[in-house]
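Assembly of the complex is requested from the two constituent chains, each provided in isolation within its own frame, with the hints serving as guidance.
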Amino acid sequence: MALLQISEPGQSPQPHQRKFAVGIDLGTTNSLVATVRSGSEVILPDEQGRELLPSVVHYSAEGVSCIGYEALEHNSSDPLNTLSSVKRLLGRGVDDIKTLGNTLPYEFSSDDGGMPKINTAYGPVSPIQVSAEILRKLSSRAEFSLGSMLDGAVITVPAYFDDAQRQATKDAATLAGIKVLRLLNEPTAAAIAYGLDEKAQSGEIHQRTIAVYDLGGGTFDVSILRLSKGVFEVLATGGDSALGGDDFDHAIANWLRVELGMGDKLDVVEQRILLEAAKAAKEELTDHEKIQLDILDASLTLTREKMHKLIDALIDTTLTACKRSLRDAGVESSMIDDVVLVGGSTRMPRVAAKVSELFGRQPKCTIDPDLVVAMGAAKQADVLIGNKSADDMLLLDVIPLSLGIETMGGLTEKIIHRNTTIPVAKAQEFTTFKDGQTAMSIHVIQGDRELVSDCRSLARFELRGIPPMVAGSAKIQVSYQVDADGLLSVSAREISSGVESRIEVKPSYGLTDNEITQMLQDSFANARDDMRLRALREQQVEADRMLEDLQAAIEKDGKSLLDNSELQCLQIALAELHQLRNQTEDHRQLSAQIEAVGKVSEEFAARRMDASIKQALAGLSLDDALK
Amino acid sequence: MNNSKNFFEIFSLPVGWELDVDQLGLRFRALQKTFHPDRFANKNDFEKRLAVQAAANFNQAYETIKNPLSRAQYLLELEGFAANQESHITADGHFLMDQMLLREALSEIKDSADPKQSLASLSIEAQQTAMEIQAEFARQYQLKAYDDAFGTLAKMQFAVKFVNDIVEFEAELEDL
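If you're matching them up, the sequences are chains A and B in order. Quick note on our numbering: the first sequence kicks off at 1 and runs consecutively. Quick note on our numbering: the second sequence kicks off at 628 and runs consecutively.
Next comes chain B alone, as it looks inside the complex (with noise of 0.2 Å):
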């Protein structure tokens, strides 16, 4: 397979933010009824070899520009940035500050009297933060200001990382 094609050519889609994700599954799935190992079962070995491949390669594409942080990655990277890091820090003192609060009240509410209503709230408050971050994100890279899109990125690591660690917590309250 030509291997050259980024994951979005590999799905004949247009590079960008904007994505139409019923239409990214559509694709996906027209592409995994063809060349799915399940589909090469009976085939030599060395077509066999392919098949894993590419199968491979269509679920890493699909995954990494279905979700908002990694598209928003690959997109950097494709203009050249390092932006597969985990961690680059953002210089933006305020977010930063903010950032360190919230986290704040999430280490509280274990002492709150009604954990999970405060759990709910806050999610609902870290999830307005990551939306707005995505609309910066998007912003600045439809403006081709990718270096203020890289700064950005960083935020939208902080908030998806609180997000998910605040899934993680309503998820040991529960197993509780």
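Extracted from the complex, chain A is given alone in its bound form (with noise of 0.2 Å):
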């Protein structure tokens, strides 16, 4: 028997040895790795025991000469090659940049995709890139700490980044090696922090209503969730992917630079001395009311009165945010049994303070907020990488954003409403215009203004090949299709005279998966790794758990779900995957193969899908409902 040789010892992964999983909070000021360990949470430190690593990457003209505290030394001395905050940049366009303004002191240029690129001294760098060196740093500590090989990690962004920031940070995850097992949104990774801590302590918790305020140095979020049995459902989300305490310290910067008689220009240097100025003082004013400001031979003294005129606007903004999710979600804010501060904003005591009055009551804090994000992520990638049983927690996500297309004269049309649960796929119909018409162009776009031009344009591509037919009698269908990480695909096709022209799309500003691919070349020429063994690498780990999982799905519903012949057909698939996963040196020989089983396996799944459904429904008879 061909499916016995499968459990070899040595042949496939131990089903019950321990994995690896972290999870990394990548933030505009300062990163983190978290692990679960011996059942709870731990922040992964570095050698000299910091926990935080300040995102930021010093450049030289030999490349990347230091990450993290090291590279925040050379922030004075070397402005343009020391990059912080480039999550800011993340996902965004040329023309998003200049929205930016000035905020960002480095210098631009941009390649052909429209992507931004940052002049160093070792040539233009991508965001992506730099995101990618702070996740290897971050991964690499791990690897360290634990004194093992990374099996996956849970990478945290903003919930209300929108799909190509979204694409960006997995891309930049792809470029530093890390197998990303989800995209988890910063509030919903809090909530979980915190969530299951409670059932602990307190025994079953019905149900809770929790709101999440999560305010960081460059992103603001809002999180309505409900929290029943361990399942957290987002029920709305909200916020401002361009907002965080660097927009306080901008306000206080610039009300310094009034002051001091300065003029609009000011070079790179003098604004990035006004700026950590003014973070020191909004860090100061914390505990006092009043401080004294010595800076460029001139005195000054900023109040925090003072300085609540200058930010009060800012926190204004993103309580109304706050109002609107809790519209979205359909609640009322005294009907919030939580609020969680999460950010390292929420420090400043006007914005608790501010928080704490919207919702009545006094938030909770007593994880450290800058700590909770990570730790959240931790415990989701503790439970998908597989080492807890995944009973006991459930988390459903939605979009933060709604998702459309444009139609004549510039209108969005929404194909997936903002705060839709995801995973979640629509398909829409659209006609054509003109008679004669073989080609319809589709603009994607999201957001939730009427205005094409006032959301964030996803992709355009081209549908070709549509028979001529009478203006109005062809049907386009155009299908949106959002996975669990919140990762948009599109894809149309004309159905109405069965000749099928399809096309799949990937949203801009991220990368081509050829230049992805490119990179990590690139990346590793240097290097012993050799891309082809990565790759071929890769695929056997694919083979691998098709072959295991496949064996274990026969094992238990073989019998009662195929026939003889069925079940012989399916072994001779996976004894040919077993044989060549063993022999080839060829990657995608190996995927061709791995697809073929799937194909000869999907009547199998299709099955066991429709058995397990009545067993999932099975303890809960309706006659038990009228009871």
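Hint data in this document are derived by calculation from the structure and do not stem from the laboratory. For glycine and all other residues, C-beta sits at the position ideal for the given N, C-alpha and C. Please note that the accuracy of each hint is not assured.
Unchecked claim - Listed below are the simulated PhoX-like cross-link pairs for lysine-lysine, each with C-alpha atoms no more than 25 Å apart in a straight line:
| hint | chain 1 | residue 1 | chain 2 | residue 2 |
| --- | --- | --- | --- | --- |
| 1 | A | Lys614 | B | Lys743 |
| 2 | B | Lys670 | A | Lys599 |
| 3 | A | Lys354 | B | Lys743 |
| 4 | B | Lys743 | A | Lys426 |
| 5 | A | Lys388 | B | Lys670 |
| 6 | B | Lys743 | B | Lys632 |
As the list claims (entries may be wrong) - So the derived label-pair ranges between C-beta atoms look like this:
| hint | chain 1 | residue 1 | chain 2 | residue 2 | range |
| --- | --- | --- | --- | --- | --- |
| 7 | A | Glu450 | B | Arg766 | 36 to 42 Å |
| 8 | B | Gly643 | A | Ser140 | 43 to 49 Å |
| 9 | B | Ala747 | A | Lys309 | 30 to 36 Å |
Said to hold, decoys possible - Stretch-level coverage of chain A by chain B, calculated; a stretch enters the list once three of its residues show a Cβ under 8 Å from a Cβ in chain B:
| hint | region |
| --- | --- |
| 10 | 83-91 |
| 11 | 321-334 |
| 12 | 600-610 |
Next up, the structure:
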């Protein structure tokens, strides 16, 4: 029997071997990595015991010279080569950068794809590459600390990140050689870190409604969640992916500039000096009513009251987003059981006070607001990798911004509405408006405004090969699918004629698969690693997974769901895959065989799914419900 | 998965207007606990793809039958009506006249002395109308008078849109 060979020792991974998974909080200002150790989550510090890694990368002519605290030291002396807050640039186009204005003191160049690159001594680098450097640093920290290779990571993103920003984050992880188990929304991660603890402390909780207010360095999120028996259901999410504590610094720095009688045009060094002074002032005013600032041969006084005047409008913007999310969730602020504060900027007493005023209750901050996201991510990673029984936790998250398509007159038509639970797939039909029209251009957009120009453009593509017909008689079906990471794929086809013209797109501003491959290749060029070996290894892991999964499925359901010839057919395909897995060195050949086994097992998978649906609903009889 | 099941059958619930929403939620969560892609993070890509499709299908089924307007649309689709069109027109002149008056009232609220108060009472009126229309639909659907129910569906769309517009307007007032 071929199947028996598959489970020979040493040939496939031991099913009960513990796997190493981490949660990574890739922040605007600081990043962290955490894991679950003997049942509780811990932040993994660097060799000097420091938990935070400043999200700063310094470049020299030879390449990356240092990352984190060491890079931070170059901030004032070499500002153009010291890249910080690049999260604000992830997934953004050149035009977006212009609207971010002079808040980012770098020199930009753009490549053909419209993706901005920052000019450094090493040459132009993309925000994705810089983020990949930070991720790589964290993953090697984790591997050093755990003494093992990582099997996967959960990476957190602001809930309000749009598709391009999510895709850019995932690309950065791919570039860093990290297997992404899931992109997880930051407020949801925080709720996980809090929610399960409470369950353990107070026994069974029936249902709680939680508001998570997450104000980081460069992003703001609010999420309203309902927690019931281990199910985290996000009801609504909102925010601003370009608003954070950095903006408070800029508001204060701008005041300093005016007070010091400096003009509009500051050089990069002056900008950095003012920003650093503003940041320090903001932090000192947490504990003091009034401070003295000695800056550029001048001395200034800043009171807490004055600072509040400078930043209150920004805080109020976040409160408006909170109200909107409450409305979207269909929840009154009085129905909120817990308010959770996340992100370093919530340390400001003014922020905490205004938030507690809005929700009418004292916020929770028993877990360090800088660490809580990474800890929640670690918990989720532990579940996803299979170390922990998944029975007691399920996460139902939503898409933050509506996804739509451009229609006549530059208007948006929504296909998937904001706050729809993901994953989700929706299709809509469109038609031609001219006789004999053979192509249709499709513009994919994200946002909630009426006009296309006010929304984010994700992709443009053309469906060609529509057979000529009278206007209005072609049926073009456009399908949007959003996966559990919140990532979109779009396809379009003409369905009335039976001639299928199909196209799949990945949104713009990200990297194409080819670019990622090229960058990976470049980064391995001088290393011992070989791109081809890596691809082969990936396919081998996938083959092992497939063999293991299908073997287990056959053992369990093969007899009841398949007849003899079907079973035989499947076993032959598996045996072939097993043989190829151990013989071939061509990753494409292996990948094709995996695909083939997938096809053969399709019907089996469908029957197993139907059986599991029956089983999942078996305990819930209608009679019980009516009692 | 068997795609021939309708959205009610997916949850093993009877097709109909009357729906036990708690029971639906319970069944939805039971299915998601089994099929959510998070359960397949460690499986092969093929099963992952199936899980995404299944979970997306459950989400769509759940949303469609949970919400009264989309449930009404879907019930008539099952009876062969093209009910999924955004706006078909009702021929009931009285109803249209009432709607126009309500819309006028909404647009005049901006200039009223206490917009929030006036909006609140208009909101109650609009919700009452929506409930009455739903009850009308329920009766007609029960009697299998699907053509009549189809006409009522158009009214339901009007009423729901109006309620939503009021909420949107309330939001604008609050944001000011």
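Results for each hint:
no. : hint                               : verdict
1   : Lys614(A) to Lys743(B)             : violated (50 Å)
2   : Lys670(B) to Lys599(A)             : holds (16 Å)
3   : Lys354(A) to Lys743(B)             : holds (23 Å)
4   : Lys743(B) to Lys426(A)             : violated (37 Å)
5   : Lys388(A) to Lys670(B)             : holds (15 Å)
6   : Lys743(B) to Lys632(B)             : violated (46 Å)
7   : Glu450(A) to Arg766(B): 36 to 42 Å : holds (37 Å)
8   : Gly643(B) to Ser140(A): 43 to 49 Å : violated (59 Å)
9   : Ala747(B) to Lys309(A): 30 to 36 Å : holds (34 Å)
10  : 83-91                              : violated (count 0)
11  : 321-334                            : holds (count 3)
12  : 600-610                            : holds (count 5)
Hints 1, 4, 6, 8, 10 from the earlier list are contradicted by this structure; the remaining hints agree with it.
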